[in-house]
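Protein chains in written order, with my numbering: chain A, 1 to 687; chain B, 1 to 284.
Check the hints yourself; a few may be wrong.
As the list claims (entries may be wrong) - Derived Cβ-Cβ restraints for the label pairs, each shown as a range: (1) B/His152 x A/Pro369: 18 to 26 Å; (2) B/Thr234 x A/Pro369: 35 to 43 Å; (3) B/Ser105 x A/Asp537: 51 to 59 Å.
As the list claims (entries may be wrong) - Okay, derived cross-link-like pairs now, SDA-like style, lysine to any residue, Cα gap no bigger than 25 Å in a straight line: (4) B/Lys157 x A/Pro365; (5) B/Lys199 x B/Ser145; (6) A/Lys368 x B/Ala275; (7) A/Lys669 x A/Gly623; (8) B/Lys227 x A/Thr531; (9) B/Lys182 x A/Asn418; (10) B/Lys124 x B/Ile148.
Just so you know, the hints here were simulated from the structure itself, not pulled from any lab data. All residues carry an ideal CB built from backbone N, CA and C; glycine is no exception.
If you want the building blocks of each chain, they are given just below.
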Amino acid sequence: MKVKESVQRVCHTLLALYTHRLCKRIVMGCVAFPSFISAQELVLPQDSIIMINLDEVIMISAQKAFNFHKQAKPLSSLDEFLESSKKVAMVKRGGYAWEPTLNNMFSERLSVTIDGMRIFGACTDKMDPITSYVDASNLSKAHIASGQQGAKHGNTIGGAIDLELDKSNFRNTGFRGGVESGFEGNNQQSIIGGELNYSGAKFYADTDIIYRKAENYKAGGDKEVLFSQFTKYNISANIGYKLADDNAITASFIFDEARDVGYPALPMDVSSAQAIIGSLRYEQDSLWGRLHHWNSKLYMNTITHVMDDTNRPDVAIHMDMPGWSDTYGFFSEARLNGNINKLMFKVDGYYNRSLAEMTMYPQDPNEKPMFMLTWPDVRTANGGIYVEDELSLKGSSLKIATRIALQNQNVADEFGLNSLRIFYPEMEASKTRFLKSISGQWHKMWMPWHLNAGVSYGDRAPSVTEGYGFYIFNSFDNHDYVGDPGLKNEKSMEVNAKLSYEKPKFNISAEANFFHIPDYIIGVVDPSLSTMTLGADGVKLYRNLEYARLFNTALESEYSLLPELKWTGFISYHLGGDSEGENLPFISPLSYRSALQYDKNTFSVAVKMSGATKQVNYNPEYGEDQTLAYTVFSISLGKTFYMNNDSVMAKFGVENIFDKEYSTYTDWKNIPRMGRNIFLTLTYSIK
Amino acid sequence: MKTIKIILATFILSMGAISCSKDDGSAIIEENPMAQFNMVSQMEANGHTIELYTEGEGFTTGYNEIYIRIKDNDRETYFADPEITWTPMMHMQTMMHSGPKSLLSTTENNTVLKGYLVFQMAGKAEEYWELTLNYKVDGTDYTASKTIDVNHPTDGKQKVTTFTGSDNVKYVLAMVSPQKPKEGLNNMAAVLYKMESMKEFSLVENYTVTLDPRMTSMGNHGSPNNKDLTYDATSQMYQGQLSLSMTGYWKLNLKVLNDSGELLKGEDVTEDNEASSLYFELEF
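This is chain B alone, in the form it adopts within the complex (with noise of 0.2 Å):
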C-alpha cells in the first residue's frame, strides 16, 4: 500500500513538473500563470485586454503589489515583454494627486510584468482613482487609462500614513509585508516615499523608521526583538525585525529618523504617551 502510494505520489510530482514547464520565448502559453491570483480589473483599449491582477481581493489603500499583463484580442494570446508605464491619479473635488509607484518590471513569465503602487486614501463616488497605462508592443505606443476601485482593507486597518515631517516635507510611509502576520518574528518591510510634488514622488533612501509594537487592549505591553526598518538598497525598500508574541490586535508605532538621524515624525511611547501619532495597525 505504501509503495504505491508512494509511486503515485512521484508520479504526480513528475506530472506536475512537465506541465509547468514552457518553452522560453514563445508567447504561447497554455498553463495560466495568474492561476493564483485574483483579477481585479479589466482595461479594453486599442483592440487589447489588459489585465490587472494582485494577490488580494482587490486595490486597497496602502501598498498594492500588483501584476500586469496585455492580451491581444484577434489573437488570443499576450505579448511577451511589454513595455509599460503607469501613473495613478487622484481625483478629489478640488484637485488631483498621485501616488507613490515603483518601476514594472518582467516576472519569470515574460508576458507578466511586476509592480507596486501606494494608494494613499480610499476612492468614493466623486472621488476616485484613475490608472493611466502607456505601452509599446510590437513596436507601438498605445495609451489607456481606467477608473479603478481602492476601498480599505476589509480589516479597517492602517497601512499607509501621510504625514508632513519636521523638515515640512509630506512623506508618504506603507507597510509592505508583514501581508499575513504570524506568531513569532516576522519580516517588516515599508516604503518611503518624499512628496515632491502633487504628482511627483520620489523614492527616500538611507532614513531609518523605528518600530514599537503594542497591544493596546492589554495593557499597551510590548513584545521583545524587533528591528527597526533600515534601507535595504537591493529591495528599495526598509527592512526590519516585527516580534508577535500573541495574537490579537497590534500597534506598530513608528518613528522616521532622517540620515542624519534627526527624529522628522512620531514619539516614543511611554507611560504618559500611549502611542506615536505615527503607526500602521494589524490584527491576527
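Chain A with its partners taken away, still in its complex shape (with noise of 0.2 Å):
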C-alpha cells in the first residue's frame, strides 16, 4: 500500500516540478520527500551502472571489438561521445577542443579529471578544456555525475567527469593489436591509428597512437567555416606489473599535442596545445585490518599553451597569449566492507600553478610591446579528505559522501600581484579557504519501479580566472574580465529525484534536479571601467550574486520492438535564473534525441534525430541572442568481417543528412554546426 503512495507521490512531485516554474516550490516539493523511507526488498541490478548514483558512464573505447556496434561513430573525438551523453552538452568554439557543459554549468564549476587526476587548462579563454588533452582512442569510459555526486575527486556544484583511461589491466590476453583509420568528408579529416598491447598475468603493456587532421568544416549549405581547421597527436602508453599476487604498480603516461588549431568563435587560434600526462600507482588488494582495495597514485602534468592571432587577418594589434599550466597531486584511497556498511576513504591534494601573459605589438616598431600577466602565476595548494558510505538498509540503499578541503591560492608573480592590486589595494597575495561538501543519496526500489532521491550541499572556491584573472577578453558577450580574489566561495544546495520504471523490454525514467546556488559567481558590468581590448564594450568584474537557481528535468525512454530491434528517446528541459529573476546564459531550451538501433550478428543499423525548440529563456547582458529551433538526423551503418582471427569493422554513416544550417544555445557566437558529414572509419585487429 504505502509503495503506491509514495509512488504515486513522487509522480505527483515530479508534475509540479514540471508545471511550476519558480523554484521555491520545487524546493518545497521535493523536501516532502520523506514519505519515500519505508521498508522494502531492494534488489540492485548487479551490473547497473546506474547503481545508487545517477551517474552516466559512457563507454568510449572498452573492449574495441565488443562494443563496435554499439557505437554510432567508432572514431569520433572525445568530444563527440561526451555530446552523445544525455547529461553533458559541449560548448562549441570551432572545431575543437569542445568544452563540457553538466547541467548547465561550465568547467569551473564541474570537476574534471583523467582517471582521477586533477588538471586545469593552459588557456585563458577556454581553449583547452581538459578532454581536449587525451583523445577517445586511449580512454575506455566517461563516468558522468551530477551535483555533489561528483565530489570524490575534488570540489564542483554542478557535477563531475572522470575520464577512465584505457588499461589491459592483466587481462589474459597476450598480443594483441589493430589499425584504424577513419575519414570524415565534411572537413576532409583523416585519422589514422594504432594499438599495440601485451597483456599477462603479471604485466601488462599497452600502447595507442593516433593522428587528426582535419581542413575548415562547412556548415549546411556549403557554407565554409573559416578556422575551423585542426591538427592532434596523441601518443600514450599504460604499463602494469604485479610485484606479488596482491599488489602491483601501474604507470600511464600521455603526450597530447594539438597544431593549428582554429578557433571561428574567437578571434585567436592557436598554434600549440601540448599537455604530458604521467601517473604512477600503487594498489594492493588489503592494507591493514579490514581495509581493502588500497588504491595510491602520484601524478604529474604540464600544458604548453600557445595561443596568437597570426593568422587572422587585419587585426588591428597582432597578440600572443601564451599560458601554461602545470599539476602535481597525489590521492591514495581504500574501501572497508562491513555488513551494513561499504566505506571508502580517500585523501588527496595537488598543487597547481597557472600563469598566462599577454604580449602585444603596438603597429609602431619604435615603441615597446605592451605586456601583463591574464594570470598571474597563481599556485593553488589543494588537501582533502573524501568519505562515503553506501548503507544498506533495510529495503533500500543509501549513500552519505562527505568531502572537506582546505585550498589557499598564491600569487608568485609580484608584477601580477601590483596588477590586481590596482583594483584590489589591499589584497594579500595568498588566500586560505576551506572547502566543504556532503550528500545523502538514497535508492529505493519495488519492481519494477525504482526511486532515487539526494540532497546535498557543497561549495567551491573561485577558478583562476574568477579570482585573479587580469582583462581577460570574453567574445561571447564582449567584455573583458576581471578577477576578484576576494570572492565568497559558491555553494551549492540541491535536490534530485529519480523515479524509472524498468523492464527487460521497456523502461522509462523521470528525473530532475534542482540547485539553489548561494553567492553565485558571475562577471558583473562596471560602467566606471575602460575596457582594454579594442571594440569591447566593457568590462566586467566577477560578482558573487545573491543567489542563482537552476533547474534541469528529463524524460527518457526505451523499447525494444525486437530482439535486434531497440528505440530510445530523450527529452529534457531546464530553467535557470539569478536572484534578480533575469535568466543565466547557456541555459538549454527544450531538447530531444530519438533513436532507432538494429544489430544483428554483424550488422548494425542506427537512425537518430536530435533537435531543440526555440529557445524562449535567454539574456541579452550575457551576449545572448535567440536559438532558433532545429532538427538534425543521421544514420550509420556497420558491418564486421572476420578473417581467421583477426577481424575488420567498417562503419559507414551520414550526420545531418539534410543539410541543416543551424546553430544551438552552446555554440558560442552563434557559430554554425557542421553541415553534412559523410564518414568511414575501418578498424582492423589482430589477436
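Dock chain one against chain two, each of which comes alone in its own frame, and use the hints as you go.
Dropping the structure here:
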C-alpha cells in the first residue's frame, strides 16, 4: 500500500516540478520526500551502471571489438562521445576542443579529471578544456556524476566528469594489435591510429597512437567556416607489473599535442597546445585490518598553450597569449566493507601553477611591446579528505558522502600582484579557503520501479580566472573580465530525484534536479571601467550574486520492439535564473533525441534524430541571442568481417543528412554546426 | 651548511653596519656617500671642487634631483654644512631665462646638499644652460658658475611642459615620479611653478592636476583607480596615484585647475578628442 502511495506522491511531485517554473516550490516539493523511506526489499541490478548514483557512464573504447556495434561512430572525437551523453552539452568555439557542461554549468563549476587526476587547462579563453588533452582512442569510459555526487575527486557544484584510461589490467589476452583509420567528408578529416598491447597475468603494456587532421568544416548549405581546422596527435602508454599476487604497480603516460587549431568563434587561434600527463600508481588488495582495495597514485602534468592571432587577417594589434599550467598531485584511497556499511576513504592533494601572459605589439615598431599577466602565476595548493558510505538499509540503500578540503591560493608573481592591486589595493598575495561537501543519495526499489532521491550541500573556490584573471576578453558578451580574489565561495544546495520503471523490454524514467546556488559567481558590468581590448563593449568584474537557481529535468525511455531493434527517446528541459529574476546564460531550451538501433550478428544500423525548440529564456546582457529551433538526422551502418582470427570492422554514416544550417544555445557566438558529413571508419584488429 | 651560511650572512651584515656608521660632526668621511650616484658635473673655482650628482646619466629636461658637495682641494676633504644657493640660466640667442628650482638642504650626510632643478628645454650648441652657485664655507662667500649639458631624456618622452593658462599666466609643470614606472599602482608626483618673470619662478600651491593615462597604441584605453594630483604641503609637490595596467607607452593626459576649480589648461579625453594638449609621457 505504502508503495503505491509513495509512487503516487512522487509522480505528483514530479508533475509539480514540471509545471512550476519558480523554484521555491520545487524545493518544497523535494523536501517533502521523507515518506519514501519505507521498508521494502531492495534488489540492485548487479551490472547496472546506474546503481545508487545517478551517474552516467559512456563507453568509449573499452574492448573495442565487443563494443563496436553500439557505437554509432567509433573513431569520433572524445568531444562527440561526450556530446552523446544525455547530461553533457558541449560548448563549441570551433571544430576542436569543445568545453563540456553539465547541468548547464561550465568547467569552473565542474570537476573534470582523468583517472582521478586533476588537470587544469592553460588557456584563459577556455580553448583547452582538459578533455581536449586526451583522445577517445586511449579512454575506456567517461563517468558522469551530477552535482555533489561528483565530489570524489574535487569540490564541485555542477558535477564531475572522470575519464577512465583504457588499460589491459592483467587480463590474459597476450599480444593484441589494431590499426584504425577513418575519413570524414565534411572537413576532410583523416584519422589514423594504431595500438599494440600485451597483457599477461603478471605484466601488461598498452601503447596507442592516433593522428587526426581536419580542414575547415562546412556548415549547412555548404558554407565554409573559416579557421575551424585542426591537427592533433596523441601518444599514450600504460604499463602494469604485479609485484606479488596482491599488489601491483602501474604507470601511465600521455603526450598530446594539437597544432594549428582554429577557433572561428574567437578572435585568436592556437598554434600549439601540448600536454604531458604522467602517473604512477600502487595497488594492493588489502591494507591493514579490514581495509582493502588500497590504491594510491602520484601524478603530474604540464600543459603549454600557445594562443596567437598570427593567421588572422586585419588584426588591429597583433597579440601573443601563451599560458602554462602545471599540476602535481596524489591520492590514496581504501575501502572497508562491513555488514551494512561499505565505506571508502580517500585523501588527496594537488598543487597547481597557472600562468598566462599577453604581449601586444604596437604598429609603431619603435614602441615597446605592451605586456601583462592575465593569470598572475597563481599557485593553488589543495588538500582534501573524502569519505563515502553506502549503507544497506532494510529495503533500501543510502549513500552518504562528504569531502572537506583546505585550499590556499598564492599569487607568486610580483608584477601580477601589482596588477591586481590596481583594483584591490588591500589584497594579500595568499588566501586560504575551507571547502566542504556533503550529500545523501537514497535508492529504493519496488520492482520494476526505482526511486533515487538526494539532497546535498557543497561549495567551491573561485577559479583562477574568477579570482585572479586580469582583463581576459570574452568574445561571447564582448567584455573584458577582471577577477576578484576576495570573492566568497560559491555554495550549492541541491535536491534531485529520479523515478524509473525498468523492464527488460521497456523502461522509462523521469528525473529532475534543482540547484539553489548562493553567492553564484558571474561577471557584472562596471560602467566606470575602460576596456582594454579593442572593440570591447565594457569591463565586467567577477562578483557574487545573491543567488542563482538552476533546474534540469529529463524524461527518457527505451523500448525493444524486437530483440534486434531498439528505440530510445530522450527529452529534457532546463531553467536558470538569478536573484533578480533574470535568465542565466547558456541554459538549454527544450531538447530531444530519438534513435532506432538495429543490431544483428555482424551488422548494425542506427538512425538518429536530435533537436531543440526555439530558445525562450535567454539573456542579451550576457551576449546571448535567441537560438532557433532545429532538428537534425543521422544514419550509420556497420559491418564486421572476420578473417581467421582477425577482424575488420567497417562503419559508414551520414550526419546531418539534410544539411541543415543551425546552431545551438552552446555555440559560441552562434557559429554554425557542421553541415552534412559522410564518414567511413575501418578498424583492423589482430589477435 | 645552512648554519654556516647563516653565520656568514650575519657576519657580512654586521660588517656592513659597522662600516656604515660614522662620527657626526666630522667632515672627514671614509665611505663615499655618493657611491650610488653619478657625478655629472664638476666645477673648479676658488680652490674648491664643486661636485654635482644625479641618479641618472646627466641633466635632462624636466625634473632633476641634484646632490652637491664642495671639496677643499688642499685638504682633500668636503666642507660640512655649506650654505649654497643656485641659479640655472638658459642663454638663448636673443634672451635669457631661468627655470624653477628648489632650496638646497642638507641630507643625512652633512657634506651633501640636495635639491632639484627643472629644465624646460635642452641645451644646444648656441643655446646653453649655465649654473651659478653662491656658497659660503668657513665664513667666506664664493661664487662659481659653469655651463652644463642638458639633454632630452634618452627615451625621448615628455616629462615637463610649459604652458600659458587661461589666466594668462605662464606655468611650468614637471613630473617628479614615477621615475621607474612599474605595473600596478604608482605614486605620482609633480611640481607646478608660476613664471613670475624670466628669472623668477614661484611654487604654485593648492591647484589640482587631473590625471587620465591612456594607451594610445591600443584604442586609447585608460586604466582604473587613478587619483588626481593634489598639493601636499610637506613635500611641496602635487601627489596622486597613477595606475598602469600593462607595460608599454602611456600618455598621461592632464588638466590643471586653479584653487577655485577653474580650468587653466588641458582638455578631457573623449571619443572625438583623443588627447589633452597638456600631457606627460612614459614607456616601460
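Hints and how they fare:
{"no.": "1", "hint": "B/His152 x A/Pro369: 18 to 26 Å", "result": "23 Å, holds"}
{"no.": "2", "hint": "B/Thr234 x A/Pro369: 35 to 43 Å", "result": "38 Å, holds"}
{"no.": "3", "hint": "B/Ser105 x A/Asp537: 51 to 59 Å", "result": "53 Å, holds"}
{"no.": "4", "hint": "B/Lys157 x A/Pro365", "result": "16 Å, holds"}
{"no.": "5", "hint": "B/Lys199 x B/Ser145", "result": "16 Å, holds"}
{"no.": "6", "hint": "A/Lys368 x B/Ala275", "result": "20 Å, holds"}
{"no.": "7", "hint": "A/Lys669 x A/Gly623", "result": "8 Å, holds"}
{"no.": "8", "hint": "B/Lys227 x A/Thr531", "result": "18 Å, holds"}
{"no.": "9", "hint": "B/Lys182 x A/Asn418", "result": "8 Å, holds"}
{"no.": "10", "hint": "B/Lys124 x B/Ile148", "result": "11 Å, holds"}
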